[in-house]
Amino acid sequence: MEKNFILAGFGGQGILLAGTILANAFMLDDKNVTWYPCYGAEMRGGTVNCEVVVSDTEVSSVHKKDCDYALVLNQQSFDRFVEHVKIGGTIVANSTLVSETKPRNDINYVFAPMGKLANDLGTSKVTNVVSLGVLSSVVDTISISALKLAIEKVLGEKKKDLLPLNIKALLSGAELIAKV
Amino acid sequence: MQQVFSIPKSMKEDFKYTFCPGCDHGIAIRLLAEVLDELGIQDKAICAASIGCSVFIYDFLNVDSIEAPHGRAAAEATGVKRARPEKVVFTYQGDGDFASIGLAESMHAAFRGERITTLMLNNTTYGMTGGQHGPTTMMGQITTTSPTGRNREYYGYPARMAEQIALADGCAYSARVALDSIPHINDAKKAIKQAFQVQLDGIGLGFVEILSTCPTNWHMTPEQAHERVRNEMVKTFPLGVFKDLSEK
Amino acid sequence: MSKNDKVLIKGNYAIAQAAVNAGCECYFGYPITPQTEIGEYLSGKMQELKRGYVCAESELAAINMVIGAVSTGAKAMTSSSSCAVALMQEALSYAASDELPVVLVNVMRAGPGLGYIYPAQGDYNQSVYGGGNGDYKIVVLAPSTVQECIDLTYRAFYLAHKYRNPVILLADGLLGQMMEPACFGEYPYPEIDNSSWELSGAKNRNSRAIYSCAKDEQKQIEHINHLFEKFELISKNETSWEEFETEDADIILTAFGSMTRNIKAAMKVLREKGLRVGCLRPITLSPFPHQRINQLAKSGKDFVVVEMNMGQMFKDVRYAVNGESKTELINRPVGEWLKVEEIVSAVEKIMEKNYAASV
Numbered sequence: 001m002e003k004n005f006i007l008a009g010f011g012g013q014g015i016l017l018a019g020t021i022l023a024n025a026f027m028l029d030d031k032n033v034t035w036y037p038c039y040g041a042e043m044r045g046g047t048v049n050c051e052v053v054v055s056d057t058e059v060s061s062v063h064k065k066d067c068d069y070a071l072v073l074n075q076q077s078f079d080r081f082v083e084h085v086k087i088g089g090t091i092v093a094n095s096t097l098v099s100e101t102k103p104r105n106d107i108n109y110v111f112a113p114m115g116k117l118a119n120d121l122g123t124s125k126v127t128n129v130v131s132l133g134v135l136s137s138v139v140d141t142i143s144i145s146a147l148k149l150a151i152e153k154v155l156g157e158k159k160k161d162l163l164p165l166n167i168k169a170l171l172s173g174a175e176l177i178a179k180v
Numbered sequence: 001m002q003q004v005f006s007i008p009k010s011m012k013e014d015f016k017y018t019f020c021p022g023c024d025h026g027i028a029i030r031l032l033a034e035v036l037d038e039l040g041i042q043d044k045a046i047c048a049a050s051i052g053c054s055v056f057i058y059d060f061l062n063v064d065s066i067e068a069p070h071g072r073a074a075a076e077a078t079g080v081k082r083a084r085p086e087k088v089v090f091t092y093q094g095d096g097d098f099a100s101i102g103l104a105e106s107m108h109a110a111f112r113g114e115r116i117t118t119l120m121l122n123n124t125t126y127g128m129t130g131g132q133h134g135p136t137t138m139m140g141q142i143t144t145t146s147p148t149g150r151n152r153e154y155y156g157y158p159a160r161m162a163e164q165i166a167l168a169d170g171c172a173y174s175a176r177v178a179l180d181s182i183p184h185i186n187d188a189k190k191a192i193k194q195a196f197q198v199q200l201d202g203i204g205l206g207f208v209e210i211l212s213t214c215p216t217n218w219h220m221t222p223e224q225a226h227e228r229v230r231n232e233m234v235k236t237f238p239l240g241v242f243k244d245l246s247e248k
Numbered sequence: 001m002s003k004n005d006k007v008l009i010k011g012n013y014a015i016a017q018a019a020v021n022a023g024c025e026c027y028f029g030y031p032i033t034p035q036t037e038i039g040e041y042l043s044g045k046m047q048e049l050k051r052g053y054v055c056a057e058s059e060l061a062a063i064n065m066v067i068g069a070v071s072t073g074a075k076a077m078t079s080s081s082s083c084a085v086a087l088m089q090e091a092l093s094y095a096a097s098d099e100l101p102v103v104l105v106n107v108m109r110a111g112p113g114l115g116y117i118y119p120a121q122g123d124y125n126q127s128v129y130g131g132g133n134g135d136y137k138i139v140v141l142a143p144s145t146v147q148e149c150i151d152l153t154y155r156a157f158y159l160a161h162k163y164r165n166p167v168i169l170l171a172d173g174l175l176g177q178m179m180e181p182a183c184f185g186e187y188p189y190p191e192i193d194n195s196s197w198e199l200s201g202a203k204n205r206n207s208r209a210i211y212s213c214a215k216d217e218q219k220q221i222e223h224i225n226h227l228f229e230k231f232e233l234i235s236k237n238e239t240s241w242e243e244f245e246t247e248d249a250d251i252i253l254t255a256f257g258s259m260t261r262n263i264k265a266a267m268k269v270l271r272e273k274g275l276r277v278g279c280l281r282p283i284t285l286s287p288f289p290h291q292r293i294n295q296l297a298k299s300g301k302d303f304v305v306v307e308m309n310m311g312q313m314f315k316d317v318r319y320a321v322n323g324e325s326k327t328e329l330i331n332r333p334v335g336e337w338l339k340v341e342e343i344v345s346a347v348e349k350i351m352e353k354n355y356a357a358s359v
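Residue numbers (the working numbering), protein chains in the order written: chain F, 1 to 180; chain W, 1 to 248; chain U, 1 to 359.
For reference, chain F alone in the conformation it holds in the complex (with noise of 0.2 angstroms):
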């Protein structure tokens, strides 16, 4: 079994760090993993996405032309990646910044006020936690457990006084889609 996941915002929403959270997450579940972000002509426009791959057996490409969940933080990543949703996938969206619009009916919708919750609980900056929050409650496989070994992973010893802050946005946005 594979997934992949595209994660996408502009410049400053955290994406590539929501991304490493989540392959590193993936990764102490035992699971096979890539993470890769997108450079050249795709980095202009101010958007920033990243690729998530996990697969129970070697991940068998890096960078694919469609994806399992589209994780999109403004509006155009919405408008660019919802193309790019296999059929049956699901887009995850923040409602903050994304119209809730819905240009096909083949794909899922997910909407959460991601951005506002963030602002709630004190800075914007949470937004990303907040929307791998919300991933893991539309994504089985995505374990809070893990997320949250993750994120003190990736904070380190550094930053580890974020770390209450940024369990209470992941927590808070895993329980976000239940509240709408």
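Just so you know, the hints here were simulated from the structure itself, not pulled from any lab data.
Be aware that a few hints might be false.
DMTMM-like cross-link-like pairs, simulated, lysine to aspartate or glutamate; straight-line CA separation at most 25 angstroms [claimed, not checked]:
no. : chain 1 : residue 1 : chain 2 : residue 2
1   : F       : LYS158    : U       : GLU48
2   : F       : LYS86     : U       : GLU198
3   : U       : LYS268    : F       : ASP68
4   : W       : LYS190    : W       : GLU227
5   : U       : LYS6      : F       : ASP30
6   : U       : LYS6      : F       : GLU2
7   : W       : LYS9      : U       : GLU198
Fit chains W and U to the given chain F structure using the hints.
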């Protein structure tokens, strides 16, 4: 009977002299060997040889040597020194190698203040390939590639390396010497010694530009060649010490 | 953290840390995307460990600094990418002739010329056949995963010193930039004694000179023969490759570097469709597994080479196959890596064309 003259122990006993008659390489290499002897560093010296007539230095010196591609002697010397800081590392290059194709490596080694010694023989031409125009060719000088003499329009001006290298903050010692007379030869030896001393003291890069002859390509007798050094070259390339940080 | 713990790490950082673990005493480098992280990482690490580090003024200087450092028996390396590795070819020719253990990492980008930073595999020829003058051979290792970036960096240092020969680790932008879980472990190879040839100062022995200039023609002939005899030995001892399901295969997909992953996935899809497809992937591009490929070709297996260039390894595979079976190419010059689906459909087309009569 007292022995008053011998081959320095930093020179090989069985070398064959391969330079042209009247070429100053012989004097320069001997001075270098005497300095290595006197400083007692022959057994921890490593030489980066260059391309040109100077390449055959390892046939003369009883010193571990590595040949560098054309112009890269200062880079190789840097690599040697960074890997083995306790060794005494030097380059022996011609003007084409040091000041033309290797200018970037030479200057940057000086900027970085590598603890190495660099010697450049300036004979105003590419000697080994048969006397072509080079970075130090003097104004008006006829070579095989400046058949009517060096002019401003086609060739621009000669490079004065001793002055240039002295400007680098990492350069601890820079001097220009000549080998045309006994007093100058004595001065040259002092300069070479000092260029090693600043390395040994860890101050920075030591550089000596040695004005030397190429009678074959200058189409001169050895005597005429030395007269040219004495009367003409020194006008473009004045002798002297341009920097000595050890004096401070 | 124990040394066998998995870490999620970028290929470039993996190579850099592996070099540190391998005992690399000096790193010299000049920035170029997509390998710059190697120099960035080592700039801090080498200073912390009091090892040698220089921000070289050019790639020319960097590779020649490596030559200087390894001439003393030290382990040293530089890293660069494609168009800048082109600048180092002269030095590689010298280092091969001088029998110096230079380690060079090439994280490939697109060419020719400046090209661009998107991934490509266009430096197969540059690495395997070299851009330097004269007859010489370089050992070329091609990792396909981040774990192999580590394992083959270790092996690069070992082989370079064991055989006194330059070694290129040929990675690509995809591997350099991606993250994947990997373990460092310990440097697994024995240390090589360089004392018989290294430059250390002529103390209580005759002086040594390392040079490629042989005035005597006969000496030069003997020297080149020696280099090639040495490479024969390397071929015999060190040629390595991986095979998957080749035994019953009609067609064997072949790729190097990170394309390996894609052909393995394509093989699985094709097998599910009932086609007998296998994979062979050279780990050492030089020496190349000619013999094994020839053996498989003799048993009637066709080869399909998949690569991100105009068919550079393809020529080596065809040479190895030597007319015993068919050789086909699936390629794209640069850019987006050939997708599994593209490879699958291309192989199906080839099978249709080649086996139409027998179906």
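**Asked** So which of those numbered hints doesn't the model satisfy?
**Response** 2
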